[in-house]
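Asks: Those protein sequences? They're chains A and B, same order as listed. Using numbering that gives the first Met the number 0, the first residue of the first sequence is number 0, and each one after it goes up by one. Using numbering that gives the first Met the number 0, the first residue of the second sequence is number 0, and each one after it goes up by one.
Derived from the structure by calculation, the hints contain no laboratory data. A virtual CB, placed ideally from N, CA and C, is assigned to each residue, including glycine. Treat the hints with care, as some may be off.
The calculated DMTMM-like cross-link candidates involving lysine to aspartate or glutamate, where the alpha carbons are at most 25 Å apart (straight line), are [claimed, not checked]:
1) B:K20 / B:E85
2) B:K20 / B:D117
3) B:K20 / A:D264
4) B:K20 / A:E218
5) B:K20 / A:E253
If you anchor each label on the Cβ, the simulated ranges turn out as follows [to be verified]:
6) A:T281 / B:P121: 22 to 28 Å
7) A:P234 / B:A52: 44 to 50 Å
8) A:D193 / B:S25: 54 to 60 Å
9) A:V164 / B:D7: 27 to 33 Å
10) B:T59 / A:P90: 23 to 29 Å
11) A:D10 / B:G31: 55 to 61 Å
12) B:A30 / A:D119: 34 to 40 Å
Far from chain A by the CB rule (all over 10 Å, computed), these chain B residues [what the hints assert, rightly or not]:
13) T5
14) D7
15) P8
16) S25
17) R33
18) N49
19) S66
20) S103
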Amino acid sequence: MTSPHALETRDLGKRYGRRIALRDFSLTLPRGGIHAVVGSNGAGKSTLFRILLGFVEPSWGASSVLGCDSRRLTPAVRGRVGLVHEEHTLPAWMSVAALTAMQRDHYPQWDETAFREVLDHFDVLPEQRVAQLSRGERAGFNLALTLGQAPELLILDEPTLGLDVVARQAFLESILFVGASETRTVVYCSHQMDEVERVADSLVVLERGELASFSSPEELCRRISCWVATFVDRPLPSERDLPGLLQSREIDGEQHLMILDASGDLAARLHALGASGLRRQTVGFDRAVNAYLSRHHDGPAPSEGVS
Amino acid sequence: MIQIVTGDPRPIFRQIVDGVKMGIASGEIVAGSRLPSVRSLAMQLTVNPNTVAKAYNELTAEGILESQRGVGVFVCEQRQWLSSAERERRLDDALTRFVSAVVSLGFSHQEILRRLEDELAPLSSKEPTP
Numbered sequence: 000m001t002s003p004h005a006l007e008t009r010d011l012g013k014r015y016g017r018r019i020a021l022r023d024f025s026l027t028l029p030r031g032g033i034h035a036v037v038g039s040n041g042a043g044k045s046t047l048f049r050i051l052l053g054f055v056e057p058s059w060g061a062s063s064v065l066g067c068d069s070r071r072l073t074p075a076v077r078g079r080v081g082l083v084h085e086e087h088t089l090p091a092w093m094s095v096a097a098l099t100a101m102q103r104d105h106y107p108q109w110d111e112t113a114f115r116e117v118l119d120h121f122d123v124l125p126e127q128r129v130a131q132l133s134r135g136e137r138a139g140f141n142l143a144l145t146l147g148q149a150p151e152l153l154i155l156d157e158p159t160l161g162l163d164v165v166a167r168q169a170f171l172e173s174i175l176f177v178g179a180s181e182t183r184t185v186v187y188c189s190h191q192m193d194e195v196e197r198v199a200d201s202l203v204v205l206e207r208g209e210l211a212s213f214s215s216p217e218e219l220c221r222r223i224s225c226w227v228a229t230f231v232d233r234p235l236p237s238e239r240d241l242p243g244l245l246q247s248r249e250i251d252g253e254q255h256l257m258i259l260d261a262s263g264d265l266a267a268r269l270h271a272l273g274a275s276g277l278r279r280q281t282v283g284f285d286r287a288v289n290a291y292l293s294r295h296h297d298g299p300a301p302s303e304g305v306s
Numbered sequence: 000m001i002q003i004v005t006g007d008p009r010p011i012f013r014q015i016v017d018g019v020k021m022g023i024a025s026g027e028i029v030a031g032s033r034l035p036s037v038r039s040l041a042m043q044l045t046v047n048p049n050t051v052a053k054a055y056n057e058l059t060a061e062g063i064l065e066s067q068r069g070v071g072v073f074v075c076e077q078r079q080w081l082s083s084a085e086r087e088r089r090l091d092d093a094l095t096r097f098v099s100a101v102v103s104l105g106f107s108h109q110e111i112l113r114r115l116e117d118e119l120a121p122l123s124s125k126e127p128t129p
């Protein structure tokens, strides 16, 4: 029963009619740590989690969660997985106390300390009904209930969406200092790059249903560089001229080129393409990921150059 | 004391390493003092404790910090542990990066030197005697 992996997919694919949502997706997440999953809207994140948790069947390939085939998850295995969804859907008519009691009864391994610790971050009273809670309080209560069930695998799908600064801070602290432990694997999906940079041990990048990258956040940053130059009376470089070109944007008359895995002769190559005033900028985490995700993204394509 | 910003070109663990080094260089952090624990600094900064641990490990490997089991992490008496050739190489490295970053900014050499001296001034109390 004890698998060394928190989750595993092999050549996983999902087709919805003519659209392929997930394509030959193979990923093995080791146990422990916080793994952030990023990708543009429609990159396949939700489909991936639906398949992993057995809500939908894959069109091809296989996947497992905590060593158990996703298509044959038993209630016992499901009980070891916690899921927090952006909507924080909880029964609106129930009181905090009643819902807590119900959840406590469902999980034999209930961790009252973790539940209390998280709930203390939020201003929630036992007699309040869920409908009376603010979005931030509901999110906190939802996270507390989920950590109370002491899951081995915790999946958070854009959990801080729509939260104010205070609630967001409380939520992140709860994940980092109550949620994460050596025996728990946290999968954190988010579009908030500042949050991802703060919490992630490793980073999974999904792009158009494929695994684009799986590394530490620093490693992805190291692979991406930004080059600034002007191209007077010369066509802007396209992906054909510059392998690894992720994004090309004009800012104040200068062209900012984001390059993946720049080769040693890139400066010479750019000069040959007519670049003047060439200089290299270091790139922070959010810019690196944004550049990576903007590749092949709808909108001004990199090869068209000017936006 | 140690501060981080997301979106900085430096990864968070590097910002922590630099922050501790700057703190020592400016005298804000003195030899023998205890740094916050990994967990407590992670909480102050709202970052993953593993990131702080990674920064502390690097500082320990460089001989800047010393971890005493069960007691905490302490700042070592700073002594020069790099060979003079390595120090030269690192200085060259840093200068090349600095010069290439400022060359196109249009400041006069005097202005650049003046600003550099301003930045070094707070560290002068710590200047090693040759």
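Asks: Determine for every hint whether it applies to the structure shown.
Replies: Results of checking the hints against the structure:
Among the hinted pairs, B:K20 with B:E85 is consistent with the structure: their alpha-carbon atoms are about 18 Å apart, no more than 25 Å. For a cut-off of 25 Å, the pair hint linking B:K20 to B:D117 stands: about 18 Å separates their Cα positions. For a cut-off of 25 Å, the pair hint linking B:K20 to A:D264 is broken: about 34 Å separates their Cα positions. Restraint check for B:K20 and A:E218: satisfied, since their Cα atoms lie roughly 23 Å apart, inside the 25 Å limit.
Of the supplied pair hints, the one linking B:K20 and A:E253 is violated, its CA atoms being roughly 36 Å apart against a limit of 25 Å. As the Cβ distance of A:T281 to B:P121 is approximately 25 Å, the hint placing it in 22 to 28 Å holds. The hint said 44 to 50 Å for the Cβ distance between A:P234 and B:A52, and at roughly 49 Å that hint holds. At about 27 Å, the beta-carbon gap between A:D193 and B:S25 misses the expected band of 54 to 60 Å.
Under the hint 27 to 33 Å, the C-beta atoms of A:V164 and B:D7, about 20 Å apart, miss the expected range. Range check, B:T59 to A:P90: Cβ separation about 50 Å, and the 23 to 29 Å hint is violated. At roughly 57 Å, the beta-carbon separation of A:D10 and B:G31 lies within the given 55 to 61 Å, and the hint holds. The hint said 34 to 40 Å for the Cβ distance between B:A30 and A:D119, and at roughly 38 Å that hint holds.
A beta-carbon of chain A is positioned within 10 Å of the beta-carbon of B:T5; the least distance is around 4 Å. Look at B:D7: its CB is around 5 Å from the nearest CB on chain A, not clear of 10 Å, so calling it non-interface is violated. Listed as outside the interface, B:P8 is inconsistent with that label: its C-beta sits roughly 4 Å from the nearest C-beta of chain A, within the 10 Å cut-off. No beta-carbon of chain A is positioned within 10 Å of the beta-carbon of B:S25; the least distance is around 24 Å.
With a least beta-carbon separation of about 21 Å from chain A, B:R33 lies farther than 10 Å from that chain, consistent with its non-interface assignment. Listed as outside the interface, B:N49 is inconsistent with that label: its C-beta sits roughly 6 Å from the nearest C-beta of chain A, within the 10 Å cut-off. Once the 10 Å rule is applied to beta carbons, B:S66 is consistent with being away from chain A; the minimum gap is 19 Å. Not every Cβ of chain A is farther than 10 Å from the Cβ of B:S103; the closest lies at roughly 6 Å, contradicting the non-interface assignment.
The structure fails to meet hints 3, 5, 8, 9, 10, 13, 14, 15, 18 and 20 from the earlier list, while all remaining hints are met.
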